[in-house]
Amino acid sequence: MSSIANHTAMVKPSMENKTTEPSPKAPALAAQKIAVSNLNFFYGARQSLFDISLKMGEKKVTALIGPSGCGKSTFLRTLNRMYEMIRNTRAEGDLQLDGQNILEMDVAKLRRRVGMVFQKSNPFPKSIFENVAYGLRVNGWKGKLPELVEASLKRAAIWDEVKDRLHKSALGLSGGQQQRLCIARALAVEPEVLLLDEPCSALDPIATAKIEELLFVLKDSCTIVIVTHNMQQAARVADDTGFFLMGKLIEFNDTAVIFKNPARKETEDYITGRFG
Amino acid sequence: MSSSVATVSIPTRPAPVGRVRSFLRRLRSGDEIAHMFTFVFAASIFLITVLLVYELYHNTALPRHKFGWNFFTTQTWDPVFDNFGALPFIYGTVVTSAIALLISVPLGVGAAIFLAELAPRGISDALTFIIELLAAVPSVIFGVIGVFVLVPIMRKYVEPFLKATLGSLPIFKGPIISGYDLLTAGVVLSIMVVPFIISVSREVLLAVPVDQREAALALGATRWETTWKVVVPYARIGIFGSVFLSMARALGETMAVTMVIGNVVKISTSLFMPGYTIAAVIANEFTEATGDLYTQSLIELGLVLFLLTIILNGMARIMILVTQGRGTSQE
Amino acid sequence: MSFRYAWRKFVNVVMLSLTGVCALSAVFVLIFILGNLVYYGGSNLNWAFLTRLPRPVGETGGGMGNAIVGSAKLLFLAAITGVPVGLIGGVYLAEYGGKTFSFLVRYTADLLNGVPSVVMGIFIYTVVVIPMKKFSALAGGLALGVMLMPIVLRSTEQFLRAVPGSLREGAMALGARKWRTVLTVVIPAAYKGIATGVLLSLARVAGETAPLIFTSFGNPFWSHGWNDPTDTLPVVIWRYALSPYDDWHRQAWAAGFILLGLVLLVNISAKLILSRGMSSGRA
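Residue numbers (this note's numbering), protein chains in the order written: chain A, 1 to 276; chain B, 1 to 331; chain C, 1 to 283.
In short, the hints are calculated from the structure, not lab data. Honestly, I wouldn't trust all of these hints.
Unchecked claim - Below, in silico cross-link-like pairs of lysine-lysine (DSSO-like), each with a Cα-Cα straight-line distance of 30 Å or less:
id : chain 1 : residue 1 : chain 2 : residue 2
1  : A       : 168       : C       : 192
2  : A       : 126       : C       : 271
3  : A       : 154       : A       : 142
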């Protein structure tokens, strides 16, 4: 089990044995939660993801890094089929959640099991309580809403800050608080996987740190996939890391390996800041 | 370390089956029903408009066959002998609209320039708020003011003044009868049209990119020079658009005009004589029209009005779109 | 050099004043209208006026109760026919619309919006009054309802589109279907704008006279149900103002005061609500 302390500094990678092999290595795994094989993704006629294959381990944190526009957010959105909101998009390939085909599942059931937190916090213009309760209501949850809402807010480490203003508008919270509220909202339906798309990019360092601490705790109950453009963040929080470049998955391995001893030259160039 | 799993990707379902499946799925989930439900309501607007056009066309068969294009050149409007011509009403409509534009365009554009470019923000917002309220005043209220306040003023002060100073012009030649005349109708119309010119022109002016103004000011131009020589020419097309929009509105104005124009079927050069517009004659005579040809001739007038407003509105929209597009394409 | 500069500054000041005068005169007109209505109309208002029926010419003390009720009835009918079509059609355009059909709907809605109100009266006359063989409150209400539709449609679509896509994404990521997202997140988020849009459109058609002249026509007595001709405030104002009787003139002023007062009240409230809504949304 890694903690923050072990992932602080980036060590300069060794210069030997750089290969240009096309195939990424699969990391050592416990159970596979999500298995992706040969995923190709198209916006209309334009292909934006090329033959992506990787596996994400259960109750682990997987980080996806890469320069802007490389397809990591697009990839994330195939996992809960959010791309279906846009016309003319198409995903082809084998995507499995616990062995079930993601592309064929009922999409509402999929999204209950695979939750998402977005780059910019997007609380509904409703009360804090109603925000968290929304997923519960939509999915016809049985149980007492106030208790479930409280449990979620506690899991998101924001309960103490909002317990006295549950029925006030969520828009009155600060940016960092709103993001944690969105995490609480996503957690309310007890997802097995939580997808986070650059969740801290709009937040200050303190708010960012709070969310990273949160991820460490959540890892025990939830598989986490986080897209980030902040390499230090990936080094801090993730067990496994995948490096995307121009729609392809260049390398996927233990975080320590990626950052200290990357197998591909492109990975090393990105990590040492030669581009991106 | 497990070897990379060599999975064979399951091919995506062949197109037709996949589409049917997803349709059924959407149906069950309620989305298809929602789509169809909202579609029905949206379609009904489309259908109502189609019906309107059809009814206008269908119910003007008699005069179209009897008079053909002469309808637009005949001066007589004779219910007794069933001879109907649109010319007096077209004349009245054109003249009153022209007067309205002559008064309201300089005033309106001037006011819009003041509000968009020259006035401090607070004053501009407050005045715009009030002027936009003027656009909400019902036509019949303008009519009431017209009948009780404006007509006497026109008859007692304005028209004698015009006759005394500009009486050599043919438009100010005839006797001043009652104040219920083409000129008064034009003035009332101009008041009704002015807030639209101001409102649209102001928005068009505000949409001119800031850097245009900054460039001029940086060269030492005064605010007025910047406005008149840089901003207004840039927004020129949009301002024309606002004029067309207002023309379309003026054409359709019924109540205020019919209350002050005198409602006499006559073509006169003098603006002090009463007249008639298309909208006014429909409003006044429709319920008393006896016989199908009479009624349908009135409906044909309505059709003419409808077509004119479509053309004007369409041109206006194109012009306003052009100015908006210019702003972004130049980035 | 300095003379030329002084001249330019002079022109600047002159034009500033001239255009300012233009703007102020527009403002002056509204105040002038309001002032006259308050002065002539306000003095004639009393409870009897609001509730009684018109008296025959020569007798004073008549009222416009039936016209006020008639206008209310027509507005009610207009609202239940025009608002749902505009609202739900607006939802279609904003959320579900296909490209070509949406363009058609928008184009015809703009067309309908531009129809002169007399012509709208003609239309309803041909499709409602002629088959019914009589003037009726139903016809009048439908005329106003059809005029409402395009206004409500465009304003609803505009406010729904203004709801950020991120809210829709947030709801759908939790497993909500599209219809549910629209109903429970998008529409509530746009609610303020849509409601004020509806109110403004009602205020707009409340003042319309021309389409009512040959649909609901007029009726000096209480009209019951929907199948009888009805007096409405704008039509009565028109008739009374053109009459030769002083008493009726006074009543026209009073009625005009009420009509304009209500219309302006709704417009001012709507504008205030909208402007406050915009600024608080940014917080």
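**Message:** Given the hinted pair residue 154 of chain A and residue 142 of chain A, is their Cα-Cα distance within 30 Å?
**Reply:** holds, 19 Å
**30 Å Cα cutoff - pair residue 126 of chain A, residue 271 of chain C** = holds, 23 Å
**Prompt:** For the pair supplied as a hint, residue 168 of chain A and residue 192 of chain C, is the alpha-carbon distance within the 30 Å limit?
**Reply:** Given pair residue 168 of chain A, residue 192 of chain C holds - Cα atoms ~18 Å apart, limit 30 Å.
Hint compliance for this structure: no hint is broken.
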